[in-house]
Structure formats: structure tokens, C-alpha cells
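Peer 1: Guided by the hints, dock chain C onto chain R, whose structure is given.
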Amino acid sequence: MELVAAGLLAFFAIGYFVLGGADIGLGMLLPFLGRTPAERRLVITGIAPVFLGNEVWLVATAGVLVGAFPDLEGKLLTDQFPAVVALLLGWVARDAGLWMRHQIERRTWQGLCDTAITLGSWTAALAWGWVFSSLLVGTANPIIGVAIALLFAVHGLAFAALRLSGPLRERAAWLSGPLTEFRAFLLTAAVMTLLCLAIGFRLPLVDSAADPATLRLLVPVLTVITPVLVLAQVWLWRLFRHRVERPMYL
Amino acid sequence: METLDLARLQFALTAGAHFLFVALTLGLATVVAVLQTRATFSPTPTRTRMTRFWGQLYVTNYAMGIVTGLVMEFQFGLSWSGLTHFAGNVFGASLAMETLVAFFIESTFLGLWIFGWDRLNRWAHLAAIWVVTLTAYASAYWILVSNGFLQNPVGYEVVGDSLRLTDVGAVLGNPNTIMAFWHVLTGALVTAGFFLAGVSAYHLLRRTRDTEFFTGSLRIGVFTGAPALLASAITGGIQLGELATTQPMKPKLLGGNTGQLAQVNAELVERFGPGDYLPPADWARAGGLVMLITFGILFNLGWFSVLMAFSKRVVRRFRLWHLTLVLAIPLPFIAMISGWIYREVGRQPWVVYGLLRTSDAVSPVSAGEMRASLIAFTVLFGLLIVINTILLARQAKRGPDAVALGRPAAEYHPAPLPTATY
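Protein chains in written order, with this note's numbering: chain R, 1 to 250; chain C, 1 to 422.
Hint data in this document are derived by calculation from the structure and do not stem from the laboratory. Cβ atoms here follow ideal geometry from the backbone N, Cα and C, with glycine treated the same way. A portion of the hints provided could be inaccurate.
To be verified - Interface residues of chain C toward chain R, partial, derived using beta-carbon atoms under 10 Å:
| hint | residue |
| --- | --- |
| 1 | VAL59 |
| 2 | ALA63 |
| 3 | GLY88 |
| 4 | ASN89 |
| 5 | MET97 |
| 6 | LEU110 |
| 7 | SER162 |
| 8 | PRO364 |
| 9 | ARG394 |
To be verified - Here are some chain R residues the structure puts well away from chain C; computed CB gaps all over 10 Å:
| hint | residue |
| --- | --- |
| 10 | LEU3 |
| 11 | ALA10 |
| 12 | VAL18 |
| 13 | THR115 |
| 14 | LEU119 |
| 15 | LEU135 |
| 16 | LEU136 |
| 17 | PRO142 |
| 18 | LEU162 |
| 19 | PHE182 |
| 20 | ARG183 |
| 21 | LEU187 |
| 22 | LEU195 |
| 23 | PHE201 |
| 24 | PRO220 |
The shape of chain R in the complex, shown without the other chains (with noise of 0.2 Å):
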């Protein structure tokens, strides 16, 4: 049961940092991919649909860490107390100015909104670099933590790649060299993945999960329930795999 519920945590860590990680990636390069209030506008339309999606799967992995991991929780949290607050704060952050940019069709208020969804991405990057190089390191690394920030900047700028068309898709793919840029997503998308599994196979799961009990009942229901949620998100990806050729609501 703990495996089980182990394989749901990384399987969600792993959604969220990939797809969750290519918005955050995104945000942090929107002044660079996009020049105009316009431009920006489509570079947000390139998430606009889904990232509301792909920010969920955060919670979900903070959802099975409470439910089948409640100590580490608690100890996670606490131990990385601030580094989880500027996280937060950037999320909030770039998560409003994702939502309230379109509404007021002002210049000034456009470049507030854009530069709280820039700040925002960065400081929750940032943040996710400070996180990750106390858990592989023991204490906060600031050369590996800019290093994470940075591969969550180049995994956005290749998703941005997928995702945008016209000028704006050849600037999002200069880094892609050689490489096609489905695949130099899909190698971007790996190193997450490994960064993620390195990291959990640092965690002390098996050791705090919660009682047998509890277990018995979650995680039966979490795992017959995860096929659904795939399908719905599969549903959402289809309707919206086009590249961005206009504006859309946001």
C-alpha cells in the first residue's frame, strides 16, 4: 500500500513539474518571447486554456502527500517554511495577473499585470530551486538553485515552442539547435522527471506513511480515480492542441 500510494505521489509530482513546470517556465520568458502588450497577450494564450489544469496536479500531489504522508507533510512544509511561502506568494502572484490582465485594456495596467506573472514565475522557480537543493543537498544551494529556475525557464521556452506560431514560435525555438521541437520538449520533460525521482528517492516514504487503515480505504480510491482524472485532462490537451494563432478569454 505504501508503494502504491508512493507511485500516486510521484506520478503527480511528476505531471505537475512537467506540465505545471512549462507554465512556470513560460511566465519566467514572457518579455522575452513576447515584445508588445499584443505579442504577450498570445504568449498567454498559449497557457491560457490549460493552466489552470496543470497547476492542479500541485495540489494533488500536496493532496496525497496530506492524505497517505501526513507526517512528512507537516515536516516538508514546516523545515522549508520559507522557501514554501515565496512559492506561494508567487503562484498567487502570477496566477492573478494571469486572470486580471485582459479585463482592463489599458497599457499601464497590462505591464503591472505582465510583470506580476514574470516576478511571479521567477520567485516561484526560484523558490522551487531553493526546495530542491536543501532536500538533495541538505541546506539551501544557491548555485543549484538558480540552476533548477533556469531548467524550468528552458522547458518553458521548449513547450512555448510547441505551443506559439508566426515570429514568436521562432524565438521560443532558438535553443532547440538540432533537435525538433517535440523532442527537445520531451528532453526537457525528462530531466524533470529525473530531477523529481531524484528527490523522491530521497524522501523517507515508507517510514512516515500514514496507518494501515487509513491506507486501505485512500488508496484504493485515489488509484481506480487517477485513470478518470488522466482522461479528463486528455480531453482538455485534444480540444486544445493547436498551436496559438489568436487571442482567446484571458
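Peer 2: What follows is chain C alone, placed relative to chain R:
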């Protein structure tokens, strides 16, 4: 202030901010789903416009509910690791169910609904808003399973320094949970009903265009809000009745004098051992009284409005009533938040009633860290509440013609960028 007080203040502000957004979202989702059902089965231009107009206000508000909710979810581990350690086996599982069985689906389908307006066929699009609405209810239920357990722990045994789940049926069917669920749901419908009525009344008062649109919307709001008020009174009353046995101090806080409170305290000392079991009485009492007074005003206004709303002529012309309805928009929010303060402050000093004190649940975090995060979250949430209110008011004032939600793709400006030449 010590870490404990700072952590409590931080949780109260986060949960309170979240609850204010949820109050409107949960009710408005229901209204929008019903409006869209009508517009799908027998479409008229007004019905479609109603779905888009109220739908956009719903989405704007929902977004703020999400971001405050994210912070909520992480607060348990950040500030209250003693709670997850002690009660995680019971309390954590329902939080997990909330995220996977409810919120994950809700978020995915909300994306489908917002952006799939002209991409999904209309039946699939209608199904999407119902999935969003029903999973929002499920979400409220699971959160109240957690909260109900903290208020009235059932289905557990104490093993060492933590709890073990023994009876899942008792936890899921906890009377405290069930009644609170219906109470929150009906309160949300009151909030949404008065929101519809108030915004519509503003347009009728200002004699803007779309008289038919807002006459209809005002009546929907009134006919939703008034019955929901009655249902919220019933579910609230049943909860108060149950408190006599489960949390005897709480009902006494409303009207009891110092002697009666001391007497209940003596009974609780017999039950739980020596200690002071009196919650911060001023806060709890103020919360309870403000809730009851606001409810009284709303109840009278609600049923008066039902009488008025039967005549379309009155709905169009009765300006003093319009003004009253506009001024009443904040009242359900006040009632919701003060009722919540009464519920949560009134159970102190316990975080898990009778089992774990709030002071024993706080994380080992320094006062400086807690203070810094408190200031940061307070500033951010304060800003978001102000901006959200301004944006909602702005969208509400501009009326149905300015709605962006569900706008056909071809109407978007600027025109698409030129295709790249490779």
C-alpha cells in the same frame, strides 16, 4: 505576538479571504449552470446573454477563490504540523479526497468550460458547467468532512500520540459535517441570489439598456435568495441545537452571562481535566450576533422582495427598492463571514475538539518567519480582495454587451500575427 497567535491570525485571514470568495462562487456556479441549461434546451438571445454575463462574473470571482484556496491547502503543513501529525490519519485523507476526487476534476472542466465556448458542442459544454458545479459541491463536502471532524471528532481511536481511523462511515456521515454542508450551500445561494438581485437593481435604477435582461435576472435572484434564506435558517438552527451536547460552550456564548459561562467551564473541567475552556468570548459573541442581525435584515428584505417581484411593473419601476437591493449586496458576505467566525472561534481552545489544543498543534517555526509570511499574505490578499471587488463592480456596471466570456474567436482583436516564412 508569539508564533501561535501569528499562526492563528494568518490561518484566520487566509481561510476568511478564501471563504468570502467561495460564498459567491458556489452559489453563482449553481445559478449559471441552471441559466445555461435553460439556454441550451430552449435558446433565446436573452438566455444566452444571461449565461455569458453572470458566467463571466462567476469566473472572475472563481479565480480569486482558487488562489486563496491554494494558500489554504499548504497552511496545514506550514503552520499546523502538530495537527497533521496527531490527526493526519483521519483528517488528511479527506483533504486528499478533496483534491483528487473534487478539485482536480473541477479545475480541468472549468478550463474546458471557459475556453471551450465555441469549440465544444453545446451539450458537451453544458455538461462541463454541471461537472464544475457538482464537483464544487463535492469539494465543499470533503472540506467539511475535515472541518466537521475537527469540530466533532468521530470514528477514531487514540493510539500513542496520534489518531487511528476506526469507522469511516461515522466520519463521512458526521452530523456536524452534513448540517454544515447544507448550511454553507444554502448560504452560498443566498449570497448569489442577492448578488444577482443587487446588480440587476443597479441597472434598473440607473435605467441602463437591457431592461428585460435585468428584470428577469432580478427575479431569478430574489426567487433564489429568499427560499435559500429559509433553508439556511433551518440548517443553522439544527446546528445550534446539536451544540448543546457536542460543544456546550458555543451556544452559551451567544446570550449566556458570566455565571453561566463559568458553570459550563466547570462541566468541561470535569470532562477534559483542569483548564480554561472559555474561547475568546467577545469575538465569538460578536460573530454570532452580527450573523443573526444580518440574517434578520436579509430575511425581511428577501420575502418583501418576493412579494414585489411578482409584478414585472414593480420590478421595473420601484426605485427605492432597487437602491435597497444594491446596498444589500454586501450583507450575505457579512452574514457568512461572521457565522464562520462564530463557528471557528467558538470551538477554541481546541483544534480537534476535546483531543488536541490549538497551542499544541502549531509548527516549530520562529515568530519572525511567521510574522514575515503573515505580513506578505495579508498585503497580497488585501490587494486581491480590493482589485477583485473593483473588477467585479466594473464588469457588473458595463452590462451584458461588454462580456468577453464566450466571445466568438473571430471577434478578437488585434488580428492574428502574420504566418512565419521559413
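Peer 1: All hints are to be evaluated individually against the structure, with a verdict given for each.
Peer 2: We went through each hint and held it up to the structure:
1. Taking 10 Å as the C-beta contact cut-off toward chain R, the hint placing VAL59 (chain C) at the interface holds, the least distance being around 8 Å.
2. For ALA63 (chain C), the interface hint holds, the least distance from its beta-carbon to any beta-carbon of chain R being 4 Å, beneath 10 Å.
3. Against a cut-off of 10 Å between C-beta atoms, the interface hint on GLY88 (chain C) holds, since the closest Cβ of chain R lies about 2 Å away.
4. Below 10 Å, beta-carbon pairs count as interface contacts, and ASN89 (chain C) has one with chain R at about 4 Å; its hint therefore holds.
5. With 10 Å as the threshold, the beta carbon of MET97 (chain C) comes within range of chain R, its nearest partner Cβ sitting at about 7 Å, so the hint holds.
6. Proximity of LEU110 (chain C) to chain R holds as hinted, the smallest CB-CB distance being about 6 Å (cut-off 10 Å).
7. Because the smallest distance between the Cβ of SER162 (chain C) and any Cβ of chain R comes to about 8 Å, under 10 Å, the interface hint for this residue holds.
8. Look at PRO364 (chain C): its Cβ gets to within about 6 Å of chain R, closer than 10 Å, so that hint holds up.
9. Because the beta carbon of ARG394 (chain C) sits about 8 Å from the nearest beta carbon in chain R, less than 10 Å, this interface hint is met.
10. For LEU3 (chain R), the non-interface assignment is confirmed: its Cβ lies about 17 Å from the closest Cβ of chain C, beyond the 10 Å cut-off.
11. Residue-level check passed: ALA10 (chain R) sits 15 Å from the nearest beta carbon of chain C, beyond 10 Å.
12. Distance to chain C confirms VAL18 (chain R) as a non-interface residue, since its nearest Cβ pair spans about 16 Å, more than 10 Å.
13. With a closest Cβ-Cβ approach of about 14 Å to chain C, THR115 (chain R) is found to remain outside the 10 Å limit, as its non-interface label requires.
14. For LEU119 (chain R), the non-interface assignment is confirmed: its Cβ lies about 13 Å from the closest Cβ of chain C, beyond the 10 Å cut-off.
15. The non-interface label for LEU135 (chain R) is consistent with chain C: the shortest C-beta to C-beta separation is roughly 15 Å, beyond 10 Å.
16. Taking the minimum C-beta to C-beta distance to chain C, about 20 Å, the non-interface status of LEU136 (chain R) holds against the 10 Å cut.
17. Taking the minimum C-beta to C-beta distance to chain C, about 19 Å, the non-interface status of PRO142 (chain R) holds against the 10 Å cut.
18. Every beta carbon of chain C lies more than 10 Å from that of LEU162 (chain R), the smallest distance being close to 15 Å; the non-interface claim holds.
19. For PHE182 (chain R), the condition that its CB be more than 10 Å from all CB atoms of chain C holds, with the nearest at approximately 16 Å.
20. For ARG183 (chain R), the requirement that its beta carbon stay farther than 10 Å from each beta carbon of chain C is met, with the minimum near 18 Å.
21. Its beta-carbon lying about 22 Å from the closest one in chain C, LEU187 (chain R) satisfies the requirement of being farther than 10 Å from that chain.
22. The non-interface label for LEU195 (chain R) is consistent with chain C: the shortest C-beta to C-beta separation is roughly 21 Å, beyond 10 Å.
23. Listed as a non-interface residue, PHE201 (chain R) keeps its Cβ farther than 10 Å from every Cβ of chain C; the least gap is roughly 21 Å.
24. Listed as outside the interface, PRO220 (chain R) is consistent with that label: its C-beta sits roughly 12 Å from the nearest C-beta of chain C, beyond the 10 Å cut-off.
Hint violations for this structure: none, all hints satisfied.
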